[in-house]
Amino acid sequence: MINRIVVGAHYGLKDWIIQRVSAVVMAAYSLFMVIVLLVLCPTTFDAWRNVFSFGLVKFATFLFALSLFYHAWIGIRDLWMDYVKSVSIRLTLHALTVLALVGYAGWMAAILWRL
Amino acid sequence: MADTCQTSPRERPKNLGLSEIMLQIRLPLPGKLSILHRVSGVLLFLMLGPLLYCFQLSVTSPGDFAVFKSMASEPLCRALFAVIIWAYLHHICAGIRFLLLDMHVGIDLASARLSAAIAFAVSITLTLILCWRILL
Numbered sequence: 003m004i005n006r007i008v009v010g011a012h013y014g015l016k017d018w019i020i021q022r023v024s025a026v027v028m029a030a031y032s033l034f035m036v037i038v039l040l041v042l043c044p045t046t047f048d049a050w051r052n053v054f055s056f057g058l059v060k061f062a063t064f065l066f067a068l069s070l071f072y073h074a075w076i077g078i079r080d081l082w083m084d085y086v087k088s089v090s091i092r093l094t095l096h097a098l099t100v101l102a103l104v105g106y107a108g109w110m111a112a113i114l115w116r117l
Numbered sequence: 004m005a006d007t008c009q010t011s012p013r014e015r016p017k018n019l020g021l022s023e024i025m026l027q028i029r030l031p032l033p034g035k036l037s038i039l040h041r042v043s044g045v046l047l048f049l050m051l052g053p054l055l056y057c058f059q060l061s062v063t064s065p066g067d068f069a070v071f072k073s074m075a076s077e078p079l080c081r082a083l084f085a086v087i088i089w090a091y092l093h094h095i096c097a098g099i100r101f102l103l104l105d106m107h108v109g110i111d112l113a114s115a116r117l118s119a120a121i122a123f124a125v126s127i128t129l130t131l132i133l134c135w136r137i138l139l
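Those protein sequence lines, which keep their order, are chains R and B.
Note that our numbering has the first sequence beginning at 3, numbered continuously upward.
Note that our numbering has the second sequence beginning at 4, numbered continuously upward.
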């Protein structure tokens, strides 16, 4: 079964949609956190830590982080595609970007689930 | 007749130098919003690591929290936080405008210019308010 579509008008549509869906997720999270922070006003360490140990906030924060990293991947990938002409340098930058973002995702999971 | 219609082929693509981009070409407001959307996105990407580190410090232990607090009181750190706050707000305001444009809301020239002005006004105002409430 070979069903790969690499050319045509719909090439890149999936990423285009993911970039927009992740943007909506991040905007909704931002609004949610503004409300949470305004209501709870966590000014001390314990209060601040408690906000993120709360199940719903932890879940939402992790989804926000994943959306952010995927969104950043598409944006930075486009940036390298726009400005870096040399294929080898571009491929290296693409790889480094993915590695950094995957590492960040693991780091974020570690921070959140230690709470 | 055919000769008069023919113009000499212009060279395409035309490569612009940095000085032309910076000094000669005057972008309209939506163009400025758009390029700053990219600039703010790059800034936020570069700050992801430091921000994750700050988040880790702030939630791990009271000692780390104190380290974060003293670090965040440095003037240079505060300036950096102000830039990050602006970048986040600019990116989200311009981004919401782009989402609306994607849905064909406000795509005529007058509304596109107006919405760009609104995005600038909202992001700058919120940046000033947040910097005043958090950093000062």
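Keep in mind that the hints were calculated from the coordinates and are not lab data.
Just to be clear, a hint being listed does not mean it is correct.
Derived BS3-like pairs (lysine-lysine); straight-line CA-CA distance at most 30 Å [unchecked claim]:
no., chain 1, residue 1, chain 2, residue 2
1, R, K16, B, K35
2, B, K17, R, K60
3, R, K16, R, K87
4, B, K35, R, K87
5, B, K72, R, K87
6, B, K35, B, K17
7, R, K60, R, K16
Partial selection, computed: residues in chain B whose CB lies under 7 Å from chain R [as the list claims (entries may be wrong)]:
no., residue
8, G44
9, F48
10, L49
11, L51
12, L55
13, Q59
14, P65
15, F68
16, G98
Just so it is clear, CB atoms sit at the ideal spot from N, CA and C, and this is done for glycine as well.
Subject >> When the least beta-carbon distance from B/G98 to chain R is tested against 7 Å, hint result >> reply: At about 5 Å, which falls below the 7 Å cut-off, the nearest Cβ of chain R leaves the hint on B/G98 intact, so it holds.
Original post:
Does the interface hint hold: is B/P65 within less than 7 Å of chain R, judged Cβ to Cβ?
Top reply: 5 Å, holds
Original post:
Given the proposed pairing of B/K72 with R/K87, does the C-alpha separation stay at or below 30 Å?
Top reply: Outside the cut-off at roughly 43 Å; violated.
Subject >> Interface hint compliance - B/L55 to chain R, C-beta minimum distance less than 7 Å >> reply: 6 Å, holds
Original post:
With 7 Å as the cut and Cβ atoms as the points, is B/F68 at the interface with chain R?
Top reply: 4 Å, holds
Subject >> Interface hint outcome for B/G44 [beta carbon to chain R under 7 Å] >> reply: 5 Å, holds
**OP:** Let me know if the C-beta of B/Q59 comes in closer than 7 Å to any C-beta of chain R, holds or violated.
**Re:** 5 Å, holds
Original post:
Does R/K16 lie within 30 Å of R/K60 when you go C-alpha to C-alpha?
Top reply: Since the Cα atoms of R/K60 and R/K16 sit roughly 27 Å apart, the hinted pair holds (cutoff 30 Å).
Subject >> Restraint check for B/K35 with B/K17, where alpha carbons must lie at most 30 Å apart >> reply: 21 Å, holds
**OP:** Go through the hint on B/F48 and say holds or violated, using the shortest Cβ distance to chain R against 7 Å.
**Re:** Status holds, d = 5 Å.
Original post:
Is the hint on B/L49 kept, meaning its closest Cβ partner in chain R is under 7 Å away?
Top reply: 10 Å, violated
Subject >> Pair hint outcome, R/K16 versus B/K35 [Cα-Cα no greater than 30 Å] >> reply: Given that 30 Å is the threshold and the Cα spacing comes to 28 Å, the pair holds.
In terms of the numbered hints stated before, the structure departs from hints 2, 5 and 10, listed from lowest to highest.
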